[in-house]
Amino acid sequence: MSQKVLLTSKEINIILHRLACQLLENHLDFTNTALIGIQPRGVFLAERLAKILKQEYKIKDIALGFLDITFFRDDFGRGEILKANSTKMNFLVEDKKVVFIDDVLYTGRSIRAALTAIQSFGRPQSIELLTLIDRRFSRHLPIQPNYRGRQVDAINDEKVKVMWEENDGEDMVYLVSK
Amino acid sequence: MSELSVNHLLGIKYLNKKDITLIFETADHFKEVINRSIKKVPTLRDTTIANIFFENSTRTRLSFELAEKRLSADVVNFSAGQSSVKKGETLIDTVNNILSMKVDLVVMRHPNPGAGIFLSKHVKAAIVNAGDGAHEHPTQALLDSYSIREKLGDVAGKNIVIVGDILHSRVALSNIFALKLQGANVKVCGPKTLIPKHIESLGVSVETNLRKALEWCDVANMLRVQHERMDISYFPSIREYTQQFGVNKQLLNSLDKEIVIMHPGPINRGVEITSDVADSDQSIILHQVENGVAIRMAVLYLLASKIQ
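Heads up: the protein sequence lines correspond to chains R and L, in order.
Residues in the first sequence are numbered from 112 upward in steps of one, following the working numbering.
Residues in the second sequence are numbered from -16 upward in steps of one, following the working numbering.
Among these hints, one or two may not hold up.
To be verified - DEER-style ranges, computed between Cβ atoms:
(1) L:GLY97 - R:ASN267: 43 to 51 Å
(2) L:PRO25 - R:LYS121: 40 to 48 Å
(3) L:GLU241 - R:ARG129: 50 to 58 Å
(4) L:GLY97 - R:THR218: 40 to 48 Å
(5) L:GLU241 - R:GLU136: 53 to 61 Å
(6) R:GLU191 - L:LYS107: 21 to 29 Å
(7) R:ASP279 - L:THR191: 30 to 38 Å
(8) R:GLU277 - L:HIS270: 45 to 53 Å
(9) L:HIS270 - R:GLY280: 34 to 42 Å
To be verified - Among chain R residues calculated to face chain L with C-beta under 8 Å, some are:
(10) ASP186
(11) PHE187
(12) THR198
As the list claims (entries may be wrong) - Not close to chain L: a few residues of chain R, all C-beta gaps over 12 Å, as computed:
(13) LYS115
(14) LEU117
(15) LYS121
(16) ILE125
(17) HIS128
(18) THR142
(19) ILE163
(20) LYS165
(21) GLN166
(22) ALA174
(23) ASP185
(24) ASN196
(25) LEU252
(26) LYS270
(27) MET283
(28) SER288
No wet-lab data here; the hints were simulated from the structure.
For each residue, glycine too, the CB sits at the ideal point set by N, CA and C.
With these hints in hand, go ahead and build the complete structure from the sequences.
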């Protein structure tokens, strides 16, 4: 097993700021926008972006939610047993502009599940997708990100590992091959 | 890690502590789901569940059915009263006939102890025991412990007394197993005639004075006197039973601490518990019912994920 650095912490920081600015461009003051981190790994990215928007761009209130998609996945009973994570949505998304946030976009199935799961919280005006890593050529479904940090060509045996300082001790993105 | 150690839920006796923790953590998520405005998830849309009830039930059956529907499972209901059981069909035949209609999971209540265990050895489906005679009622014990955990933070180290008809109660037995597994101290309290011999071998102590038991405990789980299972007289009169083992507000107020009151239902108001206690803030009886749906969703989810 070998691993290659895809993004260093400095690069991640630059990308996060670019993504925050792209969000700002489209959502301005975020009054009608909800940022939703997809559990488990999208949560860190969502929190980071919200923090940058609050501290550096002085956005006061950002609706930030975490959505668990375990019970909405289409592979129940097909593989390993899935352990759920908590959903924290203390607002409704009715008529809001929702941005799904996840660390890696791979097959697109998680996002498909999230599109179903979000229906329990209302009918959003629109849904966009932000992802730090977009794995090209590996999609099973017609789902593409609106905002992407870095596009990566990885073969199916390889795994993209996104590490966050608050959880894993460092900000790094690795490409791991078996 | 995130898998039950068993393929059927036949009794708490067959579970380990990790299983209980996993069920509770999963139930936490389902509790959040059932408090949304849209209370349904599509997880079990491929799964068909048969609720087979050879004995009457309101709460348990409704709770299971709601849990199944909120997981999007297909549900078939069957009660022995209106079925071919009356025509002499055996249990295995009945269930196999139902299973040949492609049912994945069977939830069964039966008046005979061990009926679920027997069935699990002879048919190909996951079995959930919803009460078998005076043996076990695992989902009730799970939701009881879950409700204690919710109210008091943890079950370990808490003093819990089970009051009433211990002899005929599957709720008592399952509760004893569940509470001991989680490290609680358990006492049973009731007339000597309604306490099984050698119950101490399960690690519980016996108390025949209700006041002493209540002074000791953090939680009192009040059981119903099961007249339908009594073929002989176990105590002189209901009035005498109530005087000695019924909980009323006056008695609770005279204790120096506020204890939590539970009841698995159905309540016989004025017998084991008075209305002012059942409806007071100390009582978590209706929370138990709400938690029942979340616990049953968790159990069904975890068992269904082991099928295939």
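* **Given as non-interface: ILE125 (chain R), which should sit over 12 Å from chain L by C-beta** => Per Cβ check, ILE125 (chain R) is outside 12 Å of chain L; nearest 36 Å; holds.
* **ILE163 (chain R) non-interfacial with respect to chain L [C-beta, more than 12 Å]** => holds, 28 Å
* Double-check ASP186 (chain R) for me: the hint is only fine if its C-beta lies closer than 8 Å to a C-beta in chain L. => violated, 11 Å
* Would you assess whether ASN196 (chain R), listed as outside the interface, keeps its beta-carbon beyond 12 Å of every beta-carbon in chain L? => Given that some Cβ of chain L is not farther than 12 Å from that of ASN196 (chain R), nearest at about 8 Å, it is violated.
* Asked: Checking the smallest CB distance to chain L, is LEU252 (chain R) really beyond 12 Å?
  -> holds, 17 Å
* Test the statement that LYS115 (chain R) is away from the interface with chain L: the closest C-beta pair must be farther apart than 12 Å. => For LYS115 (chain R), whose nearest Cβ neighbour in chain L is about 29 Å away, the distance exceeds 12 Å, so it holds.
* Asked: Between GLU241 (chain L) and ARG129 (chain R), is the Cβ distance one that fits in 50 to 58 Å?
  -> holds, 57 Å
* To do: Would you check whether the claim that ASP185 (chain R) is not at the interface survives, using Cβ distances to chain L and the 12 Å cut-off?
  => violated, 9 Å
* **Hint check: 8 Å Cβ-Cβ cutoff, THR198 (chain R) to chain L** => Check passed: Cβ of THR198 (chain R) comes within 6 Å of chain L, closer than 8 Å.
* Outcome of range test on Cβ distance (GLU241 (chain L), GLU136 (chain R); 53 to 61 Å) -> Holds, since GLU241 (chain L) and GLU136 (chain R) (Cβ atoms, about 57 Å apart) stay within the stated range.
* **Least C-beta distance between LEU117 (chain R) and chain L, which was stated to exceed 12 Å** => Its Cβ never comes within 12 Å of chain L, the nearest being 28 Å, so this holds.
* 21 to 29 Å as the expected CB spacing between LYS107 (chain L) and GLU191 (chain R), which holds or is violated -> holds, 23 Å
In summary, the numbered hints that this structure violates are 7, 8, 10, 23 and 24.
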